[in-house]
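Use these hints to put chains B, C, D, E, F, G and H onto chain A, whose structure you have.
8 protein chains.
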Amino acid sequence: MNPESIRKLFEEVRKGKVSPDDAVQRLRHLPFEDLGFAKVDHHRSLRMGMPEVIFGQGKAPAQVTQIFSRLAKHGGNVLVTRASEKQFAAVKSKNSKAEYRELACAIVLRKDKKKYGKGVIAVVSAGTSDIPVAEEAVVTAEIMGNDVEHLYDVGVAGIHRLLANREALTRARVIVVCAGMEGALPSVVGGMVGVPVIAVPTSVGYGAAFKGVAALLGMMNSCASNVSVVNIDNGFGAGYVASLINRL
Amino acid sequence: MNPESIRKLFEEVRKGKVSPDDAVQRLRHLPFEDLGFAKVDHHRSLRMGMPEVIFGQGKAPAQVTQIFSRLAKHGGNVLVTRASEKQFAAVKSKNSKAEYRELACAIVLRKDKKKYGKGVIAVVSAGTSDIPVAEEAVVTAEIMGNDVEHLYDVGVAGIHRLLANREALTRARVIVVCAGMEGALPSVVGGMVGVPVIAVPTSVGYGAAFKGVAALLGMMNSCASNVSVVNIDNGFGAGYVASLINRL
Amino acid sequence: MNPESIRKLFEEVRKGKVSPDDAVQRLRHLPFEDLGFAKVDHHRSLRMGMPEVIFGQGKAPAQVTQIFSRLAKHGGNVLVTRASEKQFAAVKSKNSKAEYRELACAIVLRKDKKKYGKGVIAVVSAGTSDIPVAEEAVVTAEIMGNDVEHLYDVGVAGIHRLLANREALTRARVIVVCAGMEGALPSVVGGMVGVPVIAVPTSVGYGAAFKGVAALLGMMNSCASNVSVVNIDNGFGAGYVASLINRL
Amino acid sequence: MNPESIRKLFEEVRKGKVSPDDAVQRLRHLPFEDLGFAKVDHHRSLRMGMPEVIFGQGKAPAQVTQIFSRLAKHGGNVLVTRASEKQFAAVKSKNSKAEYRELACAIVLRKDKKKYGKGVIAVVSAGTSDIPVAEEAVVTAEIMGNDVEHLYDVGVAGIHRLLANREALTRARVIVVCAGMEGALPSVVGGMVGVPVIAVPTSVGYGAAFKGVAALLGMMNSCASNVSVVNIDNGFGAGYVASLINRL
Amino acid sequence: MNPESIRKLFEEVRKGKVSPDDAVQRLRHLPFEDLGFAKVDHHRSLRMGMPEVIFGQGKAPAQVTQIFSRLAKHGGNVLVTRASEKQFAAVKSKNSKAEYRELACAIVLRKDKKKYGKGVIAVVSAGTSDIPVAEEAVVTAEIMGNDVEHLYDVGVAGIHRLLANREALTRARVIVVCAGMEGALPSVVGGMVGVPVIAVPTSVGYGAAFKGVAALLGMMNSCASNVSVVNIDNGFGAGYVASLINRL
Amino acid sequence: MNPESIRKLFEEVRKGKVSPDDAVQRLRHLPFEDLGFAKVDHHRSLRMGMPEVIFGQGKAPAQVTQIFSRLAKHGGNVLVTRASEKQFAAVKSKNSKAEYRELACAIVLRKDKKKYGKGVIAVVSAGTSDIPVAEEAVVTAEIMGNDVEHLYDVGVAGIHRLLANREALTRARVIVVCAGMEGALPSVVGGMVGVPVIAVPTSVGYGAAFKGVAALLGMMNSCASNVSVVNIDNGFGAGYVASLINRL
Amino acid sequence: MNPESIRKLFEEVRKGKVSPDDAVQRLRHLPFEDLGFAKVDHHRSLRMGMPEVIFGQGKAPAQVTQIFSRLAKHGGNVLVTRASEKQFAAVKSKNSKAEYRELACAIVLRKDKKKYGKGVIAVVSAGTSDIPVAEEAVVTAEIMGNDVEHLYDVGVAGIHRLLANREALTRARVIVVCAGMEGALPSVVGGMVGVPVIAVPTSVGYGAAFKGVAALLGMMNSCASNVSVVNIDNGFGAGYVASLINRL
Amino acid sequence: MNPESIRKLFEEVRKGKVSPDDAVQRLRHLPFEDLGFAKVDHHRSLRMGMPEVIFGQGKAPAQVTQIFSRLAKHGGNVLVTRASEKQFAAVKSKNSKAEYRELACAIVLRKDKKKYGKGVIAVVSAGTSDIPVAEEAVVTAEIMGNDVEHLYDVGVAGIHRLLANREALTRARVIVVCAGMEGALPSVVGGMVGVPVIAVPTSVGYGAAFKGVAALLGMMNSCASNVSVVNIDNGFGAGYVASLINRL
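Protein chains in written order, with my numbering: chain A, 22 to 269; chain B, 22 to 269; chain C, 22 to 269; chain D, 22 to 269; chain E, 22 to 269; chain F, 22 to 269; chain G, 22 to 269; chain H, 22 to 269.
No lab work stands behind these hints: they were computed from the structure. Quantities reported herein were computed from a predicted structural model and do not represent experimental measurements. Take every hint as true, because none was put in to throw you off.
Derived lysine-lysine pairs resembling BS3-like cross-links, with alpha carbons at most 27 angstroms apart:
| hint | chain 1 | residue 1 | chain 2 | residue 2 |
| --- | --- | --- | --- | --- |
| 1 | F | K136 | F | K94 |
| 2 | G | K29 | F | K36 |
| 3 | D | K36 | B | K36 |
| 4 | C | K94 | C | K115 |
| 5 | H | K135 | G | K139 |
| 6 | H | K107 | F | K80 |
| 7 | B | K232 | A | K232 |
| 8 | H | K115 | H | K135 |
| 9 | C | K107 | D | K107 |
Just a sample of chain D residues kept apart from chain C, beta carbon distances all over 12 angstroms, derived:
| hint | residue |
| --- | --- |
| 10 | E32 |
| 11 | S40 |
| 12 | A93 |
| 13 | E106 |
| 14 | K134 |
| 15 | D168 |
| 16 | R182 |
| 17 | A185 |
| 18 | A189 |
| 19 | R192 |
| 20 | R194 |
| 21 | L269 |
The beta-carbon is built from N, C-alpha and C at its ideal position, and this holds for glycine as well.
Chain A extracted, bound-state conformation (with noise of 0.2 angstroms):
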């Protein structure tokens, strides 16, 4: 173990078997990493509130549950993102203070109620395919301790629908927006309001929509300056970066 060896170079020292120079010497060639993982614990350990995230599409049921139970043993928060029906069955067997959200097919545990956010996180969406995604985005930033407020099916081709939450627009500190198809509703809010805004492209429409490739280069393209956008379908990121932003 490392930190005994490091101790045990402070002895030799004390005992004068080893000159301060010597031992600055060879401490330096001892390998640092294990000091830094200490020091990345430490700081992990100022990240309070940060769920454990456990990605399920594509894990079974049985292997979701294990890492589940391991990780709520931390005591923090667990997410559990793009989880089926059944495997929430399973970890709830096992962990019964687990909760589904079905809209946004995520199993949440959550332990560390404390609210980190200083203001609201408004999640928008622009029709009602995009809302399993904004979902995702407003189950991550709950957990991560932030008031959540969500306005869907606000998509610009009825943009009166949209000037008509302009009130709740305006009281988010930050804002993440979900839209498929052609992607055009992070410019239409990035552009009604002068808070940060979080992009999420999703995968919904056909065609030329490209499973989402439309909606993430009309976000790239924004001509509102205050959006910069995460992955298509990415709810969880963009719950993610907005709790970090709302927690300054």
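Below, chains B, C, D, E, F, G and H alone, put in the same frame as chain A:
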């Protein structure tokens, strides 16, 4: 000449030199395209006001001038798209009535000034950089006999500018919308009106705009059902389609 | 209701309870979207005959039925695109007048049978595999109150079949052309007529057809100037745009 | 019937009821396509031995059978490409002389057994996974009346296998080369012979093979000048083109 | 002025010249955008310190100067991105306080020198070729009132350089990371800190870098959850988003 | 020299110094490529009339001249494709019989004027901008000893022009079709004839033409079965393949 | 048999029936590939330890078993990649010594257990989902006679985990790095060592990962100069190349 | 300075002011990167013969000269890739021993002339246009202390040229293969040898070559298992990887 050869055949039938059955047989082997060609000519004459069009880009001034002069003799309107000032100077020296539409980079000769369009065509553009494309649509629609109204710099990131022009949009019988970058404007405009919207992606933007591809994909996936799309930077095509619709 | 609240404000002004200046101030903070919304409603009522549309694909039969029944109450026409026979059975059990258009995979409820279109819409398709998309355009145009004529299996590799139908094409006021593979048909049709052509790329083909991308690109680059394009397999969009044009 | 109507016109001319000039005028307005159609039919009859072809994929067995039976009545050869065993069973029950070519997934009915090809067509494939595509080319060429020789599993990573078959290649009058992955084989074969090479990219491979795109691009860029290319997996097209060449 | 016109309406109601019902009716037809516009103006005034921005690329020096001078009158900061030295010379001749930031290719006029950012923004870049993009982010963040620290040439292939700057990264409240080629730096930086990371793909690289596409895709797929992305070479956008976050 | 070493081996066998079995063994270890090389040379001499070809683009006039002069000594025809007038001037100064084919941008030296082709090759192009590519095919086919007929400006948007040339197409033994933009012409031509069609996509077009990609995809997916395709702008390749076919 | 025919030639030379010169002449026209083939065989025998490889995916269990059994008779090692448990069961029933490597989805038969590699091959993977690809590389390297060390789950977003394994990386003579998503790991590893790094992009990820394309592009553009790349998910290829390097 | 601070800690331990346990604890919180950096330096010194490399393209002659002079002081070899003659003139004026390798467009300063490579590196290229890339690999390998043999113009369309050089290929310990267009050469070479092959796609070609993409894809999908790939035109990278392998 073909009509002659057919007349000759009829003469021979009349004179009894050729039986009707043989005549049918011989006619069957005549190249039908000559008849077809005539028909097409007739058809053409029905399409009054259609401009003769030259794609100027890449052609030498002398070449443009030569084609222009030949077409000008037909008596109809002539339009040179993507024309340089040099090309115009050359054309002007031979055709004193030719005019240069600077913003549109177009040379026009307008002899037929009849109004063919029944209502107003609105041409809308997102940013100032889209104006050359929008102006090409304007010039095309005007030379085809339409009243054109243009609304520029009404991009989606400042949605109030678009809303402030709702009346003008409502007045239009058909709308051309030009936008680069994310190409979101046609969806928003499309949602505000009940008339056909012709969307023109422009090559405005950089990086992931991919010279108009992002805008093109956005427009193909428009969530507004009244939007159809023409090629990148194809202001001429949009003005042409809009003109045909406005004649109906 | 919002008009009420504004009327109340006016009443208070009239009664001298509120000064005009304060009224302006209060009005400034009223959500303007209520006015806007009303305006939109008015506008909506002008667009009679527009069907309420449900995108059936991926929705459970019960879900489709529920939305269908709700929309059917509005008294207008209802259209479900990309609908399965299962979805139809469910819808039918609650809405006895719903019909299934098998070739188009569409469920329709036609209450408003008024003719809104002024002329004939021709729907042309290249191959037999393009028929479902073409039929979606046909059904959409019909439910929006148009006379529709369809010409199927007239692909460009047998150009005589297309020429044999020149008369029918010439009769149409607007034409929808559906084609997969190389998507060349709209160019040829476009060159034969003087009316707007709405091109629909279909995902028919294999290999380098890339699920409709080859056809889409072909149509975007059509050398016929009267062609505009909608999304891959978007028969509904083409029928919708054609209907709007045919009402002008 | 149209020939009738023309005959009637000639009769009227003969009887002096219609002057030749008027007849020309009336003829000008007759739909020329009827003549054209007849011409095409004539032309068709010159192309003896061409199979009637059905693209089987995605069609129901009953549907394939019905089309097959109708085509079989024309007296020529019939070919169903991408056919399943189920489709064959259905076809066989109605057309006892139909045969199933298992490797090619093709159903064939060969009534016209005349040799139309003047020399040998060689069909070469790179790997064993390319064989279905290669066999489709073989079957197509055979049913069109050609002697076919096939060389399989002679990919470029074992160049000696190809060299060992140089004689066979040299004997061929036209060569079809099928290859997936990097699609290099046509270049090597093309460099070894002085006859036309038809290259068929196959969708064999994974990852960056992109379902045949890598092979397609490789073949389009072949450094051998005698190579032309057909669509991915289009063994039929290659066999067809090769057959036309071999008839010259 | 619109508030005036509304006040007038209220006055007329008060005077009994207009009934409340008629007033509602008239209000309904007033362009609501005037209210909206006013609202936006208010909103605008809350966003102090936001620079007026000109995209310099492709504009004539005279054009830039004209826009610059107009914007400078508003009293706020002005920023010209992608500006040439020629453009600067022209601007300088009319606006003596304008400065040229050579590395960033930016012209700045900084009148409002208030600090709006609460912490430090770190701007990190992978290679020396990424510096222009990074400097654009730096200049943008500075003109928006932030303390900025930059760490250049700390690419992932020499990970120790990055580790040596861990302290500086830890100090930052939000981090902008610019990288071309494989675009891996944001993932590594993201994993080292607990604050939001704005990733900027740059067009640095050749061959399969595809002018920034490789970096863009890499960043979209970052395995670090705190990363969001802006357009290729969009240093301005990254600096803008970071500034908004740093104000929270 | 290798033939010597083999002769020596035979001498030793004759002299009884080496047994036949040992000789076989030793031969097995000789590098076979020396024999192979000779064989290839023989083969080459059988391919009379094939031009020596230089790809001119990017080469200095002196460099082209040097290669040209060396190849001219072989006594066969020489062809420089994509050649500038400057390159021609340099070549001409050393090779007085070289000619410049301006439309094709090709330098030709035709010593072997024998007719190798058995019929006529038709070269068809869609628009006037496609002519340089078409002319490259014409020059290539001519220098390889063929009668060539060309039909230009017969694009699909004016189908009657193509139909008017049906006779010429029917006369051809093999057809080259050059088209940019949507690349639809080969399909239409292919459907009108029963001979092989070599399609050449050209880089003519803009926007979504993607420098020939749209045309290339269109041609790969041609619904006419007698079409095969060469690289974008590869008039030379098409002329070459057509020539090989016409010799059969 | 060909060696026979050559022996006969030598016999005739020995008997004086054929002069050495004539023999050389006749040999020149014999197909050299027979000799070549023999040579290759020899060459093959020099490459001891190379496994016979079967690509299992898409093959029927019976088919895999048949090929496996035939190859097993050659006496060398046999490897089936992308093998299912069903395929293994079938193979095992006929080849009792075959083993299934579950994580790698590989069937192995290891008869030749000699060590051919001179040092250690390290196989590194970014995430747990990359393990199947990494294990395929491990199995391939082991069956080719190498000592393999694996380091899993050391992705770049937790750089300390990678640093903690610096020693292991330094020990390796060649390193295989598997990573999906942004594919950044090879660059970081490459920067830490002075030996060749073989990068394997994996199809792990979603959305803009495009099934491994993002990782592939990232690796192609690695800023570390010691990285070369194989196909997406091609763990076998990476293990093979690493093995060849480790034998040097 | 950090070593000082550590020395101080050791002094305190020696003096008994700090216990070994507390010292370990304090050390744990020191920034490890300073130690790490030293370690890296040591590591660097083990990699003798590695050239310092400058990417010349886009840099001003003065800039190149300045960096070159600084690196030259380190005493090792210096290499400037993609260097112009102008850059060389500038460098030469300050570093008289610098040489220009014209074909490779590289400036080299070779001080360390030791042989580090154990065998021969063969650099093979398909066409004459690939030579600049191939020469970059040659120069890189030479400056890193290797014997290099080059085989140029041995493309796959003339396979006999490659076969004629089989001996040379067999001699090599590692092979670099450069090819543009279809990029087939590495597969053929890979199949002829049993050593690692580094493939370099070049941007040679036009049309569907897409500036090296076709070649890159071809190489990624090579059916020869001993091939790995570097970036398009990256001759330096290939020479670097080959050199590392040749040192093993």
